[in-house]
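Listed here are the chains, written in short residue letters.
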Amino acid sequence: MKKIEAIIKPFKLDDVKDALNQIGITGMTLTDVKGYGRQKGHREIYRGAEYMVDFIPKVKLGIIVPAEKADEVVETIISAARTGKIGDGKIFVLPVDDVIRVRTGETGNGAI
Amino acid sequence: MIDSGDTAFIMLSAAMVLLMTPALALFYAGMVRSKNVLGTILQSFVMIAVITFEWIYIGYTMSFGPDVNGLIGDLSMFALNGVGTAPSPTYATTIPQLVFMIYQCMFAVITPALITGAFAERVRFGPFILFSLLWTIVVYNPVCHWIWGGGWLADRGVLDFAGGLVVHLTSGAAAAAAVIVLGPRKGLGRDKFMPHNLPMTLLGTGLLWFGWFGFNGGSALAADGIAATAFVNTHVAGMAGLAMWVALEWVLYKQPTTLGAASGAIAGLATVTPAAGFISPHAAVVIGLLAGSACFAAVTYKNKVGFDDSLDVVGIHGLGGVIGTICLGIFASKAINPGGADGLLAGNASFLTTQVFGVVVVGVYAFVVSFVLLKIIDIICGGMRVSPEDETVGLDQAAHSENAYNM
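Chains A and B supply the protein sequences, listed in that same order. In this text, residue positions in the first sequence follow this note's numbering: the first is -10, and each later residue adds one. In this text, residue positions in the second sequence follow this note's numbering: the first is 8, and each later residue adds one.
The hints are simulated quantities; they were obtained by calculation from the structure and are not laboratory data. Just to be clear, a hint being listed does not mean it is correct.
When the alpha-carbon atoms are kept at most 30 Å apart in a straight line, the in silico DSSO-like pairs for lysine-lysine are as follows [to be verified]:
no., chain 1, residue 1, chain 2, residue 2
1, A, K29, B, K382
2, B, K311, A, K(-8)
3, A, K79, A, K58
4, A, K(-2), B, K199
5, B, K199, A, K49
6, A, K79, A, K6
7, B, K42, A, K74
8, B, K309, A, K1
9, A, K29, B, K199
10, A, K74, B, K261
11, A, K29, B, K341
12, A, K29, B, K261
13, A, K49, B, K193
14, B, K382, A, K23
Quick caveat, the model's predicted, so the values are computed rather than measured.
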């Protein structure tokens, strides 16, 4: 199993969620995050005092999938979240040892 | 002879000016960081208690009691002795003196509250209360007497309709002294001092604007044509200040801002205050435009030199008081208010000189006395400032054991 962590632009969230639903992904975890990479922060001005705000709001999706499904999920997120401009985000793919459903105690792919 | 219309108008005006103190609290509190919201609000709000106490026992008689050598009122009206439902023989002779007293009380309350913007986010509550109380006694009451209580500046012909000198310049000069004595906030230039809640500041701005109709309109001390003039001039100067500040931002920074709109409105309202009942609406427009641009420039300059007048008391109220008082020397017209004066444009250059003299006297007096008072309190109280640790934690937790936002 794999965990796919995708940090994307907040306004692309609905597109990505719909696209993932289309390929049968039925659950995900969403976190509001702030960060920066190559896309630097933005400027804010208060009574003439300029501040550079480094951390930009993003959303982070967490999705657990069977290993063979991971590439398809990654491709789907890329095509739905891409604008072509700097700051589109990052996707991380991590190995997952096990998944346990709390209600039933099921483990492995069946618990996803 | 009591006039019921005048009495009703001034009682209502007094209530409107009272509202300006909590409005100022919100105006300021939106501009500080979220850890200092309640501390900032309380600094304004508590003035209602401290200064009303002071006012009914000694403030009113020092300001409006029988004159002693043009310098101060005597103490014959200590604790409101003789102040009742009959009109004063000297001031506002158509309303009960109690109404005049409580109306003036609201001005005394908001003036030290204005100063709190200068040392926002770093002053100790106890020394601050002591400062505000003593400051009202040694700065506000004497200056109020000199100009409105029949003192020596009034004799010289200095005019101040609703407090450009008495309220805005005294507080602005005290603010400058406070910034020098207390020093900048920890982390100035490194940390981001961004306003934590601008809608709160805008709510405060709206309530201040509303209250200002009572502040300036009521200063006619009657429901008459002069009140109408002041009422209209107040509104158009606030409007012009707002328009000017926003326009400048739009041109210089490519984007207009909400805080700029609030700042410009307050600059216009503060600047027209000394002139409100003495000038035409077109002069008020000019004053508002001038206020919007000059205060914008002053605040921008402050940011460049690192003078941490945190919420711009000097750049908006102090400068506004100066500009408005001098502009009155230019635009005043007896055709508008026969009880006023003719200014430079009406061919009377000497009145302009008189107004400049008033600005210098009040500015220097308020600055010097405030500076000395702050230094004395700083020494006897073991510091006006909170400890670096408390400053990091924030006033809400460190000084008041509260949180504004328990979410």
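Comparing the hints with the structure gives:
1. Pair hint K29/A plus K382/B does not hold up; C-alpha atoms about 45 Å apart against a cutoff of 30 Å.
2. Between K311/B and K(-8)/A the CA atoms are separated by roughly 49 Å; this puts the pair beyond 30 Å, and the hint is violated.
3. A hinted pair counts as satisfied when its Cα atoms are at most 30 Å apart, and K79/A with K58/A qualifies at roughly 18 Å.
4. A hinted pair counts as satisfied when its Cα atoms are at most 30 Å apart, and K(-2)/A with K199/B qualifies at roughly 25 Å.
5. At most 30 Å may separate the alpha-carbon atoms for a hinted pair to count; K199/B and K49/A meet this at roughly 26 Å.
6. Taking the CA atoms of K79/A and K6/A, the gap is near 16 Å; set against the 30 Å cutoff, the hint holds.
7. This hinted pair does not check out: K42/B and K74/A have alpha carbons roughly 37 Å apart, beyond 30 Å.
8. Of the pairs offered as hints, the one joining K309/B and K1/A is violated, with about 41 Å between alpha carbons and a cut-off of 30 Å exceeded.
9. Distance hint between K29/A and K199/B is fulfilled; the C-alpha atoms sit about 17 Å from each other, no more than 30 Å.
10. A distance of roughly 23 Å separates the Cα atoms of K74/A and K261/B; the hinted pair therefore holds under the 30 Å criterion.
11. For a cut-off of 30 Å, the pair hint linking K29/A to K341/B is broken: about 60 Å separates their Cα positions.
12. About 20 Å separates the Cα atoms of K29/A and K261/B, which keeps this hinted pair within 30 Å; it holds.
13. Of the pairs offered as hints, the one joining K49/A and K193/B is violated, with about 34 Å between alpha carbons and a cut-off of 30 Å exceeded.
14. The suggested pairing of K382/B with K23/A is violated, with an alpha-carbon distance near 44 Å, which exceeds 30 Å.
In the structure shown, a violation is registered for the earlier hints numbered 1, 2, 7, 8, 11, 13, 14, in ascending order.
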